[in-house]
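Q: Here are the chains, one letter per residue:
Number of protein chains: 4
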Amino acid sequence: MTTSELKGGPTQPEICAVAVDKLGIRPGDTVADIGCGTGTVSIAIARTAQRVYAIDIRPEAITVAEDTIAKSGLTNITLIEDDACSFLQESERIDLAFVGGSKGLPRILLLLAEKRVRTIVVNAVLIETATSAINTMRALGIFAEAIHLQVSRSHDLAGKTMFKPENPIYIIVGRCVSY
Amino acid sequence: MTTSELKGGPTQPEICAVAVDKLGIRPGDTVADIGCGTGTVSIAIARTAQRVYAIDIRPEAITVAEDTIAKSGLTNITLIEDDACSFLQESERIDLAFVGGSKGLPRILLLLAEKRVRTIVVNAVLIETATSAINTMRALGIFAEAIHLQVSRSHDLAGKTMFKPENPIYIIVGRCVSY
Amino acid sequence: MTTSELKGGPTQPEICAVAVDKLGIRPGDTVADIGCGTGTVSIAIARTAQRVYAIDIRPEAITVAEDTIAKSGLTNITLIEDDACSFLQESERIDLAFVGGSKGLPRILLLLAEKRVRTIVVNAVLIETATSAINTMRALGIFAEAIHLQVSRSHDLAGKTMFKPENPIYIIVGRCVSY
Amino acid sequence: MTTSELKGGPTQPEICAVAVDKLGIRPGDTVADIGCGTGTVSIAIARTAQRVYAIDIRPEAITVAEDTIAKSGLTNITLIEDDACSFLQESERIDLAFVGGSKGLPRILLLLAEKRVRTIVVNAVLIETATSAINTMRALGIFAEAIHLQVSRSHDLAGKTMFKPENPIYIIVGRCVSY
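Chains as they are written, first to last, in full-length UniProt numbering: chain A, 1 to 179; chain P, 1 to 179; chain X, 1 to 179; chain Z, 1 to 179.
These are computed hints drawn from the structure, not numbers from a lab.
Don't take each hint at face value.
One copy or two, it doesn't matter: identical chains are merged, so the pair holds either way.
[As the list claims (entries may be wrong)] Simulated pairs of lysine-lysine, DSS-like, Cα-Cα distance not exceeding 27 Å: (1) Lys115 with Lys164; (2) Lys103 with Lys160; (3) Lys164 with Lys103; (4) Lys115 with Lys103.
Just so it is clear, the structure is predicted and the values come from calculations on it, not from any experiment.
Chain A with its partners taken away, still in its complex shape (with noise of 0.2 Å):
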């Protein structure tokens, strides 16, 4: 299996680029990428971060992962095939989170926010999980703000330029303010 092949594909990389901003990333951080997929989120973290643990449940995602980690050079990141809130349980000190992945996401977004995790960042292309992500962080009182993102990119019509659409993301962040 390989990256393009793998469902929902890498994460295009100028919502990577926005998302990895709004984590915010500091030198020391550990960072959680939950629902890695191809792991092109998770590289873009490591540049930055100390450390990245970047889990998923399905061992399709872990194979396509391994590989394109293992180009990248990066050593400072650990794959987890495992359920979200198994590792969550489990882990210690998590500094941010980026949620790629929607499965059983209000559970997720409550054991973050128990963690005092500094910034959730989930990516949604459902409208239902963008909706839920923000409900969710409201009642639990960590809903910083929200984006949807809407990128085109340029395609060569015999020299002209027109611009197809990638698909639009909602990008939703979460602070936690700690003691």
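Assemble chains P, X and Z onto chain A, guided by the hints.
A: Okay, now just chains P, X and Z, sitting in the frame of chain A:
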């Protein structure tokens, strides 16, 4: 050849609705649909206008449009396989013009301005065509407004809803002041 | 109070054109405009429909709409200052419904589904309202499609052209199969 | 004069994140920020690059940027109050260039192409500027891609969420092949 096989395909219904609204059609109007393609826009215009001249230089467009128009049951559309400029130079009064094709656009706009066409609506997918339409209309003193339209359409994903974008379009509107 | 002072303001012409197109109005139709606000959409509908009931619970909306409708010269719009649900429970046949206001939306959709209204078009600016409309329509088995519409409008900047975006809108469409 | 008073205002964080990502900055790079305005982009670039030359011909931009840069604590940004072309003609090696200002763009792009700058990123709000950047880069054989970016940002409306759009932007990327 079917509607969807013709280069460019039929105009999206939302784009069509906005473009027709911009024309501001009155019941007695004669309208030119320049680069009529599949005839979709001609049909929408013909529901209100008195007469529509649907012009396309491509024989395959005329064949497809003929079929679509026959199915619509409308009898006030005249199909013309010709170059737009030839048609405009010989035609009598034209009240409104919709321009879907971009070939020879500056000259078409000049001819339409000379004929004091009440409203001209240009649909453009290429940024170069949009800019050329705006520049030419500004130079002719007939530029009214331009719109960038991005429609995304719901798709079912396991009972949930994602939005997939259609290609964005520029709609450029010119208005001639009548003497 | 003027049109632009009423909360929400008038529906943008492009949004109005698309929403009215989605309704699929036939000449003999009776249409309910629920949460009619300034009356802009009612007027657009009344140009084709036989009768429009424009309902708003806010006295200030009725005052503004009264004025706008009078100026339009149309005589087939009946303004009703009432709660939408009360109106729907007592009303006779309704062929189509446009819902611009979001208060009590699930119950309004239930009543419209019970009345076998041919097409329901909901305009929503809030993501929660859009998701609620989609969910309720899915539950009622009447969900047809949803659209996300982003219109940007040209503004002159020293003879050049920048595009300023209007607020994006969700248009959700339901269709009842008649017995 | 404050940041928000300077014409154009600071670059939106999402736009900045994407533009900087497109540059592909390497730690040893020298970068020119042409038409630096408030200095927001210079600061983002300077976090990775070795040296940033922030150029603006407007004294008021230099004043604002001076203040913003001082607050950032970064010491690898050199502010230059000069015409971009004069600067480029006299400057030594430049690895990357970000162009935020549009004055004299074709000539700036020509000079950057002659200097074999690795990547050029142009941000444009005007459709004429975007088209000019694309055309010039195509003519110079350095056009890589163009992006249209539409960011909408959540606003609270009585505990619910509406999305208000920022001005859309074109990001045009050129790449020179080095000998």
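Q: Next step is simple, just say for each hint if it's right about the structure.
A: Outcome of the hint check:
1. Lys115 with Lys164: Cα proximity of Lys115 and Lys164: none, with 41 Å in one copy and 32 Å across.
2. Lys103 with Lys160: between (42 Å within a copy, 13 Å between copies)
3. Lys164 with Lys103: between (30 Å within a copy, 21 Å between copies)
4. Lys115 with Lys103: within (19 Å within a copy, 37 Å between copies)
Checked against the numbered hints given earlier, this structure breaks only hint 1.
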